[in-house]
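Knowing the structure of chain V, use the given hints to seat chain E on it.
Chains V and E, in that order, are what the protein sequence lines are.
Residue 351 in the numbering used here sits at position 351 of the first sequence, and the numbers go up by one each step.
Residue 18 in the numbering used here sits at position 18 of the second sequence, and the numbers go up by one each step.
A couple of the hints might just be wrong.
Chain E regions said to be covered by chain V (calculated; three or more residues, Cβ under 8 angstroms) [said to hold, decoys possible]: (1) 115-123; (2) 155-166.
Mimicking DSS-like on lysine-lysine, the simulated pairs with C-alpha atoms at most 27 angstroms apart in a straight line are [unchecked claim]: (3) K112/E x K98/V; (4) K112/E x K384/V; (5) K301/V x K230/V; (6) K118/V x K27/E; (7) K27/E x K100/E; (8) K27/E x K255/V; (9) K357/V x K112/E; (10) K44/E x K98/V.
Treat the hints as calculated values from the structure; they're not laboratory data.
Here the structure is a predicted model, which means the values were calculated and not measured.
Ideal placement from N, C-alpha and C gives every residue a C-beta, glycine not left out.
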Amino acid sequence: MWELIQANRRKSMILFVTMGIALVLLGFLVGSYFIPNGGGFFGIIIALFIWFVLSLISYFSGSSILLSISKAQEVTPEVHQQLFNVVEEMQIAANLPKMPKVYIINEAAPNAFATGIKPENSAITVTAGLLSRLNRDELQGVIAHEMSHIVNRDILLMTFAGIMLGSIVLISEVFLRGLWFSSGTSGRYKSSSSSNSSGQGQMIIMVIAIIFAILAPILAQLLYFAISRKREYLADANGARLTRYPEGLASALEKISSSDLDLKVANKVTAPMYIVNPLKKKGMKLADLTSTHPRTSERIKILRSMSGGANYLNYQEAFSLVKGKGSRIIPPSGLKDNSNIQIKQPSAEQPGIDKVKAKRSLGDIMMTVNKYAFITCACGLKMKVPPDYKQPEIVCPKCGRKNHVPFEDIAAIASAAKGINV
Amino acid sequence: MGFLIVVIILIVFAVLMIVSMYNSLIKLRNQVKNAWSQIDVQLKRRHDLIPNLIETVKGYMTHERETLQNITNARSQAMNATGVADKAKAEGELSGAMSKFFLVVENYPDLKANQNFLALQEELTSTENKISFSRQSYNDQVLFYNNKIQMFPSNILAGMFNFTQEQFFQVEDKADREVPKVSFQ
Numbered sequence: 001m002w003e004l005i006q007a008n009r010r011k012s013m014i015l016f017v018t019m020g021i022a023l024v025l026l027g028f029l030v031g032s033y034f035i036p037n038g039g040g041f042f043g044i045i046i047a048l049f050i051w052f053v054l055s056l057i058s059y060f061s062g063s064s065i066l067l068s069i070s071k072a073q074e075v076t077p078e079v080h081q082q083l084f085n086v087v088e089e090m091q092i093a094a095n096l097p098k099m100p101k102v103y104i105i106n107e108a109a110p111n112a113f114a115t116g117i118k119p120e121n122s123a124i125t126v127t128a129g130l131l132s133r134l135n136r137d138e139l140q141g142v143i144a145h146e147m148s149h150i151v152n153r154d155i156l157l158m159t160f161a162g163i164m165l166g167s168i169v170l171i172s173e174v175f176l177r178g179l180w181f182s183s184g185t186s187g188r189y190k191s192s193s194s195s196n197s198s199g200q201g202q203m204i205i206m207v208i209a210i211i212f213a214i215l216a217p218i219l220a221q222l223l224y225f226a227i228s229r230k231r232e233y234l235a236d237a238n239g240a241r242l243t244r245y246p247e248g249l250a251s252a253l254e255k256i257s258s259s260d261l262d263l264k265v266a267n268k269v270t271a272p273m274y275i276v277n278p279l280k281k282k283g284m285k286l287a288d289l290t291s292t293h294p295r296t297s298e299r300i301k302i303l304r305s306m307s308g309g310a311n312y313l314n315y316q317e318a319f320s321l322v323k324g325k326g327s328r329i330i331p332p333s334g335l336k337d338n339s340n341i342q343i344k345q346p347s348a349e350q351p352g353i354d355k356v357k358a359k360r361s362l363g364d365i366m367m368t369v370n371k372y373a374f375i376t377c378a379c380g381l382k383m384k385v386p387p388d389y390k391q392p393e394i395v396c397p398k399c400g401r402k403n404h405v406p407f408e409d410i411a412a413i414a415s416a417a418k419g420i421n422v
Numbered sequence: 001m002g003f004l005i006v007v008i009i010l011i012v013f014a015v016l017m018i019v020s021m022y023n024s025l026i027k028l029r030n031q032v033k034n035a036w037s038q039i040d041v042q043l044k045r046r047h048d049l050i051p052n053l054i055e056t057v058k059g060y061m062t063h064e065r066e067t068l069q070n071i072t073n074a075r076s077q078a079m080n081a082t083g084v085a086d087k088a089k090a091e092g093e094l095s096g097a098m099s100k101f102f103l104v105v106e107n108y109p110d111l112k113a114n115q116n117f118l119a120l121q122e123e124l125t126s127t128e129n130k131i132s133f134s135r136q137s138y139n140d141q142v143l144f145y146n147n148k149i150q151m152f153p154s155n156i157l158a159g160m161f162n163f164t165q166e167q168f169f170q171v172e173d174k175a176d177r178e179v180p181k182v183s184f185q
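Just chain V, with the same shape it has in the complex (with noise of 0.2 angstroms):
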């Protein structure tokens, strides 16, 4: 497990230096072109502020930015108790020194995905949706997954790849889009001020700079896209590796990937977070190449040809009897793992969620989270009282009984809990 992060902390600078590399040419280049004498290092200047106040917004507030972009809102255990109870048992299985907050996204659309750059305030995030679809050890293989991005700063690699991605692509639009519409007035002064041999340089470094403009951003998104493919079937081993469950992960999955809901919160920036891709139809058509996230098909297959155990070389096993002889997934130190860990039985209780109960819970789930009260009236008729029922008491519409409104009971519980976990 250490050594994993530590690989991926190799990595990550790798990945930073050579993103930066590229802001940096970038940035001379464009300099450059614009200011012939001595602009390229104010280019230069220029990229890399771009690129620091971007790295700062997004240190200080990404994952509050994250999480209202997707309207998650923070729950307490009273709003789905399994939840937070497969949450712990994944931390403890982690080793995580702290419980990550947890949020649900109130959409039928079933997903779920991690936030936050420090393990210590992490948060997980899953919707309405899955938690009405999955059983108790589906969940628990979509958290295991979860908690191992988080495990495994997959998520601060992510950033960092997802900031220096940005700050390129920003650079290369504004220039080519700067070069569309002053391309008439810059020729003209540079003609004319510069002598003969200076202007047959300049003309290079503007050809170079435009091939450099439209290719950068093409090179670092497919970099982006393959270290999020890869860290997507890192999290599968890890989370196959906590669980000791593969199967509830690849069931899991298989429901996720089967839904044809669209997640509406979710865009093409916040997509590579999610733990199966949020945008499917437009997601399907794209090449391999192109794609935030490996095909779910092959990602059920490697966990369900997972046999003997559910350690790293397991994975592996299963990756190259999928993939072809040959492919790699777990860096070598990983493959050192030969704890022997069995697969384990699935849970006894399950009982069976078919699509009519799946619904009713969804519906339960999403008004428990708008906090609204559940009142069952002792002729057994239960009511959903909204949030802004104001009257201490409510009339059965069935029997007409008066029951009782506990909202300031539903209050003092939640500020209770509330002050438990400060």
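Then chain E, alone, in the frame of chain V:
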């Protein structure tokens, strides 16, 4: 003069080595203790939940007095056990009694519809999982610590300052017993 300096440097170096080795041993022993307290919290939680469970199911399971009695006995034995090995054995028996009980529950659809029971079942399942996950990390820590105590040169220091080996928390499991034994004949 030069000789004296070399000797002093060597002595200082040796002292620093010993101090850092001693500190790392202390750190490892504390990690083992900490991992053990993690398990202990979960074991206590399970002991606290069981009376609630029995109270909830008593009305439904009038014909399963024996199963319930087994759980109660196993619980009180587990609560009285001292020492890692004894605790591990008693807790293993309690886990066995619990899993038998949850198999019997399948025959009582009324009970499985009871919200209170479902909440308790979820808590117990989760506690059971937490025990097994924290057991894993405890055993990892113990292995690391025991290795350090036995290996040269830290074994000398361990002997001098009375660092003793810790016991693994091993639960007798049916699955463990089924592992085929290799014989060299």
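Status of each hint after checking the structure:
Coverage of the stretch 115-123 of chain E by chain V holds [criterion: at least 3 residues with CB-CB distance below 8 angstroms; count 4]. Counting residues of the stretch 155-166 of chain E whose CB lies closer than 8 angstroms to any CB of chain V gives 0, which falls below the minimum of 3, so the coverage claim is violated. Restraint check for K112/E and K98/V: the C-alpha separation of about 34 angstroms exceeds 27 angstroms, so the hint is violated. The suggested pairing of K112/E with K384/V holds, with an alpha-carbon distance near 23 angstroms, which does not exceed 27 angstroms.
About 16 angstroms separates the Cα atoms of K301/V and K230/V, which keeps this hinted pair within 27 angstroms; it holds. In summary, the hint linking K118/V to K27/E is supported, as the alpha carbons are separated by about 24 angstroms, within the 27 angstroms threshold. Restraint check: the Cα-Cα separation between K27/E and K100/E comes to about 40 angstroms, which exceeds 27 angstroms; the hinted pair is violated. At roughly 45 angstroms between alpha-carbon atoms, K27/E and K255/V are farther apart than 27 angstroms, so this suggested pair is violated.
Using a Cα cut-off of 27 angstroms, the hinted pair K357/V and K112/E holds, with the two alpha carbons roughly 15 angstroms apart. Of the pairs offered as hints, the one joining K44/E and K98/V holds, with about 21 angstroms between alpha carbons and a cut-off of 27 angstroms not exceeded.
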